[in-house]
Amino acid sequence: MRPDVSVTPATGDRPPRRDPIRLVLFVVLGLVLVYMLAPIVFVLVFAFSSASYAIFPPPGYSVRWFMKLFGQEPLFRAAANSLIVALVATAASLVLGTTASLALVRYRFVGREVLRTLFLAPLIVPRIAFGVAMLIYAVLLRRFGGLDSLMLAHLMITLPFAISILSASLVSADRSLEEAAADLGATPLVTFWKVTLPQIRTGLAVSGFFAFIISWDQVETSLFLVKTDNMTLPVAMFYYLQRQQDPVIAALSTFLIALAVVVAVVAVVTVNPRDLQRVLSAGGR
Amino acid sequence: MAVLARASGELRQRRGGWRATARRYAHVPLLAPSVLLSLAVFWVCMAVLLVMSVYPFLAAGTPRLTWAAWQRFLVDPFYHGIVGTTLYMAVVVTAFSLALGYPTAYAISKIQRPGWALAAYLILFAPILVSVVVRTYGWLLLLGNTGVVNWALRTVGLVREPVPLIFNFTGIIIAMVHILLPFMVFPILSVVGQLTPDLKEAAADLGANRWQTFRRVTLPLTLPGVISGAQIVFTLTISAFVTPFLMGGGKVQILSGLIYRDMEAVNLGFASAVALILLVLAAVILAASNALARRAYKRAEVERV
Amino acid sequence: MAEIDVELREVSKRFGEVLAVDRVSLQIRRGEFFSLLGPSGCGKTTTLRMIGGLEFPTAGEVLLRGAVVTDLPAYRRATNMVFQHLALFPHLTVFENIAFGLRLRREPEAQIAHKVDSVLQLVDLPGYASREIHQLSGGQKQRVAIARALVNEPAVLLLDEPLGALDLKLRIQMQTELKALQHRVGTTFIYVTHDQGEALTMSDRIAVMNEGRVEQVASSQEIYTRPRTRFVAGFIGEANFLDGQVAEVTADAVCVNVGPLRVWATGDGAIAQDAHVTVSVRPEHVKLGTALGATPNRWDARVLDVTFMGSVVRAKVALGDATVLTTELQSDAAAGLGPGAIVTAGWAPQQAVVLVR
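Protein chains in written order, with numbering that gives the first Met the number 0: chain C, 0 to 284; chain G, 0 to 304; chain P, 0 to 356.
For reference, chain C alone in the conformation it holds in the complex (with noise of 0.2 Å):
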């Protein structure tokens, strides 16, 4: 080792920096998402105690609540009208929401942009509001208490956002995909079936999701419409916990939250997180 040669440190060779603000950052994202979680995690805890009421730590654990909770059928036959309503609402949405972006995006025409504030106004309409209102104007028509107004006012809430997340998707489609098609021989139909569908496919799942869970944890929209032939999950479950809250609702909410976990586990499988960003931030106004 020669003792006169001076050693120059390579760069970025410095002891890592200990950065407090970093520090609190981080400990404040830590401690929110245990807030996050909190809730949920407790439903589960409760879901499985031997106690009628929500004592911690729990006496004892017990599978007692699943029990009862496969005992009640009304609780079964609002999951399953939650399901149709939100199934039918999903698909109404896509369906709708794809022809009036194409409309939208692609075509000019006078009051363009009157027609895209109509379908985006249901967005700022609070939504117990809207309950109400669809209530009146059921009765008005009779058709109080059905499964088709509760479709109806859903898909209405769900409307706009598969029409804003759509159009963005379809802002992005690459025309001359659709110009080749039709240079080689394709019909407009046939254009939109082979080459653009697949393009706004991101477009199409996220619409179909947001739709999805819109319908089935609505309550505010479907409170005033149903009965008890019609009656919905989220609707059941408020009543319920208006009348007792014991642990059968936990044991219910297990399989939700199980259902939730699901289908983000598949979100995050399936979708292309670059796709994925492009629609939410553009889709996001």
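Since the hints were derived computationally from the structure, they do not count as laboratory data.
Model, not experiment: these values are computed from the prediction.
Treat each hint with caution, since some may be false.
Said to hold, decoys possible - To give an idea of the chain C side of the interface with chain G (calculated C-beta under 8 Å), a few residues:
(1) A102
(2) L151
(3) V218
(4) L255
(5) V262
In this text, a Cβ means the ideal position worked out from N, Cα and C, and glycines have one as well.
Since the structure of chain C is already known, use the hints to place chains G and P on it.
Positioned in the frame of chain C, the structure of chains G and P alone reads:
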């Protein structure tokens, strides 16, 4: 560059065949079902709501034109109080969401490893998939006198009697912030994500310390996201029903609860009026904050250049 | 007389306030390599798209092999286009891209496979059928786009600046290949470009467009040596412009007063006495010193500056006070030439053209 058409120049307009006409009106069949549905369902029912608030044609007895439903709000201080509480609740929820949401968004944007960032995103946004009823129920369990929080506080020795955290305003705030936090974080995240490091470096180069850089560079540039988030959270709070109702236990009076009670009492005319007041409130807040947002956007754009 | 494959009659296209194409009339012959050349925004691409059926004229008629197709949409026309950004379907393989048009016509799969193979041979990509689009290089994608269009055996092939995205060397190579391809296949090619060198190299005839109008339609050679308008002279190659008034018109030459100078040039068509015209002469035709042969155009000139450009040298010389010419000479002929030198400059009258517009 192409020239502007001369007014006198002959440009004989072609009378295109049926194809040209079809092309010109192609958008009509695409729009028709959505427009018709939107008009027939949404807009008509909103109109019906308006009518109902002054002419309760569905109520018992003979309907007549009356402003009673609206007057209630002008005259009775009880109802002023309800509006006040609603707005106050929204302000508090928005403030807390912002206080928590901004650092959260900032922190997430600084996560290096993509796996951890994905986990953070999931934990923050996945709860939206779970129904608001379930999550509110979770808070009822957590915050009750025999719940986790009180158990922890008593075990540590901070309190001797259980602290009432549900069926009051505090409970509402805690639960609402939980529900709405993702809506605050999302727009801020988008904006923070667009911040390029060179802007902060330029500030540092010009002599700004971290606080000054934050105040003069980061904050103004992220302001559009903040306003957007605040807008969403505020309007969602005043419109919310389930969480404040369950967490409030009937002790906290807000507009959505008033609607519910009016509906239960089948006071449809009154309920309609309150619903419209809620709508107007939401619209006004949106308009005002949009104007604010536009100014913030303009400044952010200019400074970026 | 060759048959006319494509005819445009007074075709115009307006986008809102803007007139993109202004009363364009063209006749394109069968088997021709025809180029639409002009700067960005001159309307050449819009014109091409109207031939292809992707845009529809606001006035005028488009005819394909004698039949009026003005309103016919793209999927009903016997044309196929090679798009500027290629527009290859990313979710399909090379085979599926090329077979797209054939499948729409419900041709039997065996026949399709055979056709795809032959066209891949034609564009020199044998065996690439099963590749994914993202696996291909720029030049390969280019060929697939051409193959996809040609396999449908169109009456006319339309090409919209297809070589723009390629680097220079590849571009020059593709130009040669495209020209050879066109000869082999015999299809009428209509080619849009803003690169005059490209147009001159490949085309049988060129239509030079500017601001929505056709300025001149002629063979490559004629466009270069006999430009009709100032725009064409300036857009193709380089030119010196001398403005003046016609002094004298003889059988084979025209004399123009450019300031104090009497300039001789050739005219095209009827040129009136005293008309205000522009004389155009290309830098490589302006000769200095001993290189200048016998010509009435010779004057003393002062060299202003000299720029070395590799194989050639550019010099600016001043004739009298007002007229500055750019001249181009071989490097070895420029020895001893520096700013301030006085030389004799001029050109042969046949090398200069009188432009009326």
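Against the structure, test the hints numbered earlier, and report the numbers of the ones violated in rising order. none
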